[in-house]
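S.K.: In the order they appear, the protein sequences are chains A and B. For the first sequence, my numbering begins at 1 and goes up steadily by one. For the second sequence, my numbering begins at 134 and goes up steadily by one.
Wrong hints could be hidden among the right ones.
Stated by the list, open to error - Residues on chain B that point at chain A, a partial pick, calculated with CB under 10 Å:
{"hint": "1", "residue": "T312"}
{"hint": "2", "residue": "Y314"}
{"hint": "3", "residue": "V319"}
{"hint": "4", "residue": "R321"}
{"hint": "5", "residue": "P322"}
{"hint": "6", "residue": "S399"}
{"hint": "7", "residue": "K401"}
{"hint": "8", "residue": "G405"}
{"hint": "9", "residue": "K469"}
{"hint": "10", "residue": "K474"}
{"hint": "11", "residue": "R492"}
{"hint": "12", "residue": "L508"}
{"hint": "13", "residue": "G510"}
{"hint": "14", "residue": "P512"}
Said to hold, decoys possible - Think about it this way: if two alpha-carbon atoms lie no more than 27 Å apart in a straight line, the pair counts; the simulated DSSO-like pairs of lysine-lysine are:
{"hint": "15", "chain 1": "B", "residue 1": "K478", "chain 2": "A", "residue 2": "K17"}
{"hint": "16", "chain 1": "B", "residue 1": "K264", "chain 2": "B", "residue 2": "K396"}
{"hint": "17", "chain 1": "B", "residue 1": "K478", "chain 2": "B", "residue 2": "K506"}
{"hint": "18", "chain 1": "A", "residue 1": "K17", "chain 2": "B", "residue 2": "K173"}
{"hint": "19", "chain 1": "B", "residue 1": "K396", "chain 2": "B", "residue 2": "K147"}
{"hint": "20", "chain 1": "B", "residue 1": "K238", "chain 2": "B", "residue 2": "K259"}
{"hint": "21", "chain 1": "B", "residue 1": "K396", "chain 2": "B", "residue 2": "K259"}
{"hint": "22", "chain 1": "B", "residue 1": "K506", "chain 2": "B", "residue 2": "K401"}
{"hint": "23", "chain 1": "A", "residue 1": "K35", "chain 2": "B", "residue 2": "K150"}
{"hint": "24", "chain 1": "A", "residue 1": "K25", "chain 2": "A", "residue 2": "K42"}
{"hint": "25", "chain 1": "A", "residue 1": "K5", "chain 2": "A", "residue 2": "K25"}
{"hint": "26", "chain 1": "A", "residue 1": "K42", "chain 2": "B", "residue 2": "K311"}
{"hint": "27", "chain 1": "B", "residue 1": "K264", "chain 2": "A", "residue 2": "K35"}
{"hint": "28", "chain 1": "B", "residue 1": "K150", "chain 2": "B", "residue 2": "K506"}
{"hint": "29", "chain 1": "A", "residue 1": "K35", "chain 2": "A", "residue 2": "K54"}
{"hint": "30", "chain 1": "B", "residue 1": "K259", "chain 2": "B", "residue 2": "K203"}
{"hint": "31", "chain 1": "A", "residue 1": "K42", "chain 2": "B", "residue 2": "K474"}
{"hint": "32", "chain 1": "B", "residue 1": "K137", "chain 2": "B", "residue 2": "K506"}
{"hint": "33", "chain 1": "B", "residue 1": "K150", "chain 2": "B", "residue 2": "K137"}
{"hint": "34", "chain 1": "B", "residue 1": "K478", "chain 2": "A", "residue 2": "K42"}
{"hint": "35", "chain 1": "B", "residue 1": "K137", "chain 2": "B", "residue 2": "K147"}
As the list claims (entries may be wrong) - Partner residues are not named here, just some residues of chain B that face chain A (Cβ under 8 Å, in silico):
{"hint": "36", "residue": "A164"}
{"hint": "37", "residue": "F183"}
{"hint": "38", "residue": "P185"}
{"hint": "39", "residue": "E243"}
{"hint": "40", "residue": "R490"}
Calculated directly from the structure, the hints in this document are not laboratory data. Yeah, the Cβ is synthetic: ideal placement off N, Cα and C, and Gly gets one too.
Listed here are the chains, written in short residue letters.
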Amino acid sequence: MAPSKVVLRFPAAIADKPIIFHLVKDYDLMINILKANINPHKEGTMVLDVTGEKAVEGLEFLRRQGVVVQPLTEEIVRNEEQCTHCGACTAICPSGALYMERPSMLVRFDSESCVVCQLCVRACPVRAMEVRI
Amino acid sequence: MSDKTFQEINAKIKSGKAVVVTAEELIQLVAEKGVSRTAKEVDVVTTGTFAPMCSSGAYFNFGHSAPRIKFNRVWLNGVPAYAGLAAVDAFLGATALPEEDPLNKNHPGEFRYGGGHVIEDFAAGKQIRLKAAGYGTDCYPRREIETVVSINDLNEAVLFNPRNAYQNYACAVNTGAKTLYTYMGVLRPHIGNAHYSTSAQISPLLKDPYFRTIGIGTRIFLGGGIGYVAWNGTQHFPGIPSLPEEAPRVPSGGTLAVIGDLKQMSPKWLRGTSMLGYGATLSVGIGVPIPLLNEEVCYYASRTDAELYAPVVDYAEAYPNRRPGNLGFVSYAELKSGRIKIEGKEVPTAPLSSYTRAREICVILKQWISEGKFLLGEPVWLLPGPDAGIAPKTLEIRGPERRNG
Numbered sequence: 001m002a003p004s005k006v007v008l009r010f011p012a013a014i015a016d017k018p019i020i021f022h023l024v025k026d027y028d029l030m031i032n033i034l035k036a037n038i039n040p041h042k043e044g045t046m047v048l049d050v051t052g053e054k055a056v057e058g059l060e061f062l063r064r065q066g067v068v069v070q071p072l073t074e075e076i077v078r079n080e081e082q083c084t085h086c087g088a089c090t091a092i093c094p095s096g097a098l099y100m101e102r103p104s105m106l107v108r109f110d111s112e113s114c115v116v117c118q119l120c121v122r123a124c125p126v127r128a129m130e131v132r133i
Numbered sequence: 134m135s136d137k138t139f140q141e142i143n144a145k146i147k148s149g150k151a152v153v154v155t156a157e158e159l160i161q162l163v164a165e166k167g168v169s170r171t172a173k174e175v176d177v178v179t180t181g182t183f184a185p186m187c188s189s190g191a192y193f194n195f196g197h198s199a200p201r202i203k204f205n206r207v208w209l210n211g212v213p214a215y216a217g218l219a220a221v222d223a224f225l226g227a228t229a230l231p232e233e234d235p236l237n238k239n240h241p242g243e244f245r246y247g248g249g250h251v252i253e254d255f256a257a258g259k260q261i262r263l264k265a266a267g268y269g270t271d272c273y274p275r276r277e278i279e280t281v282v283s284i285n286d287l288n289e290a291v292l293f294n295p296r297n298a299y300q301n302y303a304c305a306v307n308t309g310a311k312t313l314y315t316y317m318g319v320l321r322p323h324i325g326n327a328h329y330s331t332s333a334q335i336s337p338l339l340k341d342p343y344f345r346t347i348g349i350g351t352r353i354f355l356g357g358g359i360g361y362v363a364w365n366g367t368q369h370f371p372g373i374p375s376l377p378e379e380a381p382r383v384p385s386g387g388t389l390a391v392i393g394d395l396k397q398m399s400p401k402w403l404r405g406t407s408m409l410g411y412g413a414t415l416s417v418g419i420g421v422p423i424p425l426l427n428e429e430v431c432y433y434a435s436r437t438d439a440e441l442y443a444p445v446v447d448y449a450e451a452y453p454n455r456r457p458g459n460l461g462f463v464s465y466a467e468l469k470s471g472r473i474k475i476e477g478k479e480v481p482t483a484p485l486s487s488y489t490r491a492r493e494i495c496v497i498l499k500q501w502i503s504e505g506k507f508l509l510g511e512p513v514w515l516l517p518g519p520d521a522g523i524a525p526k527t528l529e530i531r532g533p534e535r536r537n538g
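So that you can see chain B by itself, here it is in the shape it has in the complex (with noise of 0.2 Å):
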C-alpha cells in the first residue's frame, strides 16, 4: 500500500469523509482486522494526555499605562513573572511561588498557590491583580503600579510550555525508610506504593515513537483550544535504548514544547496543582492526531498498555543522586491494574495522570476533526526520533576552564 499524504487526508476531512477513530478505538479495530485493513480505512487517530507539566508556562502582554512603565520585576496575584523582555511583557512559569511562600520551610510544604494556579485563573477570565516596579527612564518615568486585569484586557496571553507530554516515564516508588514528598506524589516508605504518570496506549508520544508524524507546525488540542508544536521539548531523548535481551525496549522520553493561544483555553484543561512538598505546577491537556500514513505508523499507533512498559525507578537513593539503573520494568496493563508486583513484594499503584481526562481529549479532538472544523497540521520539520542519536548531557560541578598556552 502506498503511503497516504497530509493532504490527502485533510482533503478528507475538509469534505467530511475522512475516518477518524481514538486510540483505544484503533487498538480494538486492529484487533479485530489486522494493521493493513485498519491501516487502509482509518485516516486519523486521536490521542490525549492530561497529567502534570512542570515546564509550562505563559508569556503576556499587558498594555501601556499612561505614564508608561518599564517593567522591571512584576508580580500576578503575588506571583513572580519574568520581566527581562520589553517594557510591558513578562513570562510566568508555571512553577513560580510567591515570595511569601513558606516553601518546605514547614516539610512538606503545600504550595497552594503558584503560577500554574495564576494561569488557570486567566483561563477562568478571573481579574488578576497585576503589581509591578520600574526604576524609570526618560521614556517610561513610572516607577509602580498597581491593578487588575482580566485575559480579554491584554493585547497577547500565549500559552508557550517548553516541555510537555513526556513520552514514557519511570514508575516511581521509595526503597528507603520514611515518606517521600516528590513531583510523582507522596511515596509510602519500603515501596508502599508506585506512582506512574502517563496515559500510556492513549498517549501522544508513545503512539509516534519513530516520530513519523510529529513536528513543528503539527496542530494540536491544548488547554481545550488549539494549538502548535513549536519544537522539541527540553529534554528530548527519543532514544530506544538497547536494554539486556529479556527487558522490554521502551522509549526513553521525547518531549514536545507547545505553543497556543490562552483566550482560547479553559480552566478544565489548564489545572493549577500543588504537590505536597514539592511545589506548584500546571495540569495541562494535551491532545495530538495522527495520520495514519501508512502501516507502520498505524502499527505503532495500535499498541497496547501490555506492549508499553515503564521503568520502575527509587525516589529514595537513585534518582535524587542521579544514579542510573533501575528495579525493572513493568507494562502499564500491569500498572493500571492496581498491583505490581516489585523484588517480590506486592505494591498498590496509582497513577498521577488522568486517563479518563485523556480518554475525554481523544473524543473531543475526535469530533473536532470530523466535523470539519480541525484540519491536520502538516510538520514543516518532523522532530528528531531515535536515530538521531541524541544522549543526555549532565550538569557538572567544575571550576572555570585555564586557558592554554
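Chain A with its partners taken away, still in its complex shape (with noise of 0.2 Å):
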C-alpha cells in the first residue's frame, strides 16, 4: 500500500504536460491537490492524497514520467535562534512558504505552504532549516 500524501516534483520539462490526468483516468484513482506550484518550463511540485486500489501503480507511471515521486511523512521546521534573518532562502524556495516581509525585512515561514522539497535546508547559510520526522 502506497503512502495516502505524497510529494511530487516535476522537472521542467515535464511541467506543462498532462499527467495528473491519468492518475484518474488509466489507474482509476481518487486524488485530492493539498499544494500545487506549477508554472510552463519551471520545475514544479505538488503535494498530493492519492486513494484507491492501483495507487502503486499509479504512482509507478509518475515515476515513469520523470516525476520524482516522496512520501511526505517529513515537515521543516525552522530553528529560530540560528536563524539570521538573511533572506538567502526567500527567492528559491518555489512555494513561497519562506518569504521576506516587507517593510520589516524579516524572514517568515509559513509552514502550511511548505511543499517539503527541503532546498532551503541545503540553501541556508547558518543550518536554520531542519527536517524533523
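With the hints in hand, could you dock these two chains into one complex?
M.R.: What follows is the structure in C-alpha cells.
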C-alpha cells in the first residue's frame, strides 16, 4: 500500500504535460491536490493525497514520466535561534513558504505552504532549516 | 557652517550631550528638516552591516606546552590554520576547510564546518580541539600535541579581517540553463532570481562614499565587541566610475581591514556560514559611527535606497570568466521591494545580508555612544577615496620575463 500523501516534483521539461489526469483515467484513483505550484517551463511541485487500489501502480507511472515521488512523512522546521533573517532562502523557495516580510525585512516561514522540497535545508547559510520526521 | 571636529563631538559624548541617531533616523530627519539643519543638530550617525565576509580570520597565541613545541602544522577542530609564524602563533582563515571535507566532489558540496565555524565556536566559549605537529628542534623538542582549549586559555585571540564591509556589491543573476551554486547563493537558471548583499541605506561605506571620516583608527562595532579599522581592505577600489549618461554613478567598492579582541565578541555577531556548492565563510557584524562633520558628510549619510544602485552581473558567463559589463543597474529600493525587471522579465530578489541584524547594530552602537562608553576614534590617516585614482589590477598568466641584455 502506497502512502496516501506524496510530494511530487516535476522537472521543467514535463511541467506543462497532462500527467495527473492519467492517475484518474488509467488508474482509477481518487486524488486530492493539497498544494500545487506548477508553471510552464519551470520545475513544479505538488502535494497530493492519492487513494485507490492501483495507487502503487499510479505512482510508478509518475516516476516513469520523470516525476520525483516522495512520501510526505517529513516536515521542515525553522530553528528560530539560528536564523539571522538574511533572506538567502526566500527567492529559491518554490512554494513561497519562506518570504521576506516588508518593510520589516524579517524572514517569515509559513509551514502550511511548505512542500518539503528541502531546498532551503541545504541553501540556508547558517543551517537554520531542519527536517523533522 | 564651520566643520565640527572629532574632539568637539567626543567632548559632547563624554558630557552626555551628543546627538546620536541611526542611519534610518537620519534619513527621516533630513527628509523633515533638510540637510543644513540636520547637519547642525546631529553629531553622529550609526551604520551597520551583517553579512558573509570571506576575507576574515583570527590569529591566536596558544601559550607554551612543556616540553615546548614549534607548530609546523596546526588544526583547530580539524580545520587547518596557518602556522608559518612564531612557535605557538597561528592564523585561521574563515574559509579554511578540513582536509577530509568532500568539497565539491558530490556537487554541490555542503561545507558544513570551516574556519568561520571555529571562530564562532571560540567566540561562544566552546572547547576547541587543538592538534599540532612539529619537527623537533633543540629549543622546541616536542613533535606533536593534542589537547583542548577554549578562548580564555589563550594569551591572545584577535579577529583580523583583511577585507570586510564591502561598500557596494553586484546583484547576482544566472543567465545560463542550469542552477548555479555561488558565494552569492543559489542562482536559478534563466534569471530565475536575483541576489544582492548589502544593507544599502544603512551600510557603513555607502554612507561615507568619499572617505571623509573613515580611516586607520576609526573605532567600530566588530562582532559584538569594539574593534578598529586597521587599514583599507584588500581590493579597495573606492572609485566612482564615469558611466554613460543614463546610468547612475555608483561606488564600485571600497573595503575595510578591521581588527579587534575576539575575547570580547559574541557568536551572535560572528556566525560560521556555509554557502552551498561554494564553501565555508564567516558572517560578520560591523557598525561604523560617522561623525556629521559638515553638510557634505550629512548629505551622503542621508542618501536612501532609492538613490543607491547595484550593477546586475551575470554569474553564468561574465563573472567566472572575468568579462566586463553588466545587465544594467537597479536601485536598492527596487531590490528590497522583492521584484525587479531585468531585460523585460520580472525576477524575484533576495538579500544575503541581514537588514534586521544591520539595523540592530545601528541601534546598539547608538546606545553605546549615547551612554558615553564609546568615543569616536579619530583616524590617523583617512582611507583613499574616489580621487585616489586606484585602478584594479588583474592576474595575468605568463612565463618568467626574459632578462634584457
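S.K.: All hints, please: hold or fail.
M.R.: Status of each hint after checking the structure:
no.: 1; hint: T312; verdict: holds (9 Å)
no.: 2; hint: Y314; verdict: holds (9 Å)
no.: 3; hint: V319; verdict: holds (5 Å)
no.: 4; hint: R321; verdict: holds (7 Å)
no.: 5; hint: P322; verdict: holds (8 Å)
no.: 6; hint: S399; verdict: violated (13 Å)
no.: 7; hint: K401; verdict: holds (9 Å)
no.: 8; hint: G405; verdict: holds (8 Å)
no.: 9; hint: K469; verdict: holds (7 Å)
no.: 10; hint: K474; verdict: violated (15 Å)
no.: 11; hint: R492; verdict: holds (8 Å)
no.: 12; hint: L508; verdict: violated (29 Å)
no.: 13; hint: G510; verdict: violated (28 Å)
no.: 14; hint: P512; verdict: violated (30 Å)
no.: 15; hint: B:K478 <-> A:K17; verdict: holds (24 Å)
no.: 16; hint: B:K264 <-> B:K396; verdict: holds (21 Å)
no.: 17; hint: B:K478 <-> B:K506; verdict: violated (50 Å)
no.: 18; hint: A:K17 <-> B:K173; verdict: violated (66 Å)
no.: 19; hint: B:K396 <-> B:K147; verdict: holds (26 Å)
no.: 20; hint: B:K238 <-> B:K259; verdict: violated (30 Å)
no.: 21; hint: B:K396 <-> B:K259; verdict: holds (12 Å)
no.: 22; hint: B:K506 <-> B:K401; verdict: holds (21 Å)
no.: 23; hint: A:K35 <-> B:K150; verdict: violated (58 Å)
no.: 24; hint: A:K25 <-> A:K42; verdict: holds (25 Å)
no.: 25; hint: A:K5 <-> A:K25; verdict: holds (19 Å)
no.: 26; hint: A:K42 <-> B:K311; verdict: holds (12 Å)
no.: 27; hint: B:K264 <-> A:K35; verdict: violated (51 Å)
no.: 28; hint: B:K150 <-> B:K506; verdict: holds (13 Å)
no.: 29; hint: A:K35 <-> A:K54; verdict: holds (22 Å)
no.: 30; hint: B:K259 <-> B:K203; verdict: holds (25 Å)
no.: 31; hint: A:K42 <-> B:K474; verdict: holds (18 Å)
no.: 32; hint: B:K137 <-> B:K506; verdict: holds (21 Å)
no.: 33; hint: B:K150 <-> B:K137; verdict: holds (14 Å)
no.: 34; hint: B:K478 <-> A:K42; verdict: holds (15 Å)
no.: 35; hint: B:K137 <-> B:K147; verdict: holds (16 Å)
no.: 36; hint: A164; verdict: violated (15 Å)
no.: 37; hint: F183; verdict: holds (7 Å)
no.: 38; hint: P185; verdict: holds (6 Å)
no.: 39; hint: E243; verdict: holds (6 Å)
no.: 40; hint: R490; verdict: holds (6 Å)
The structure fails to meet hints 6, 10, 12, 13, 14, 17, 18, 20, 23, 27 and 36 from the earlier list, while all remaining hints are met.
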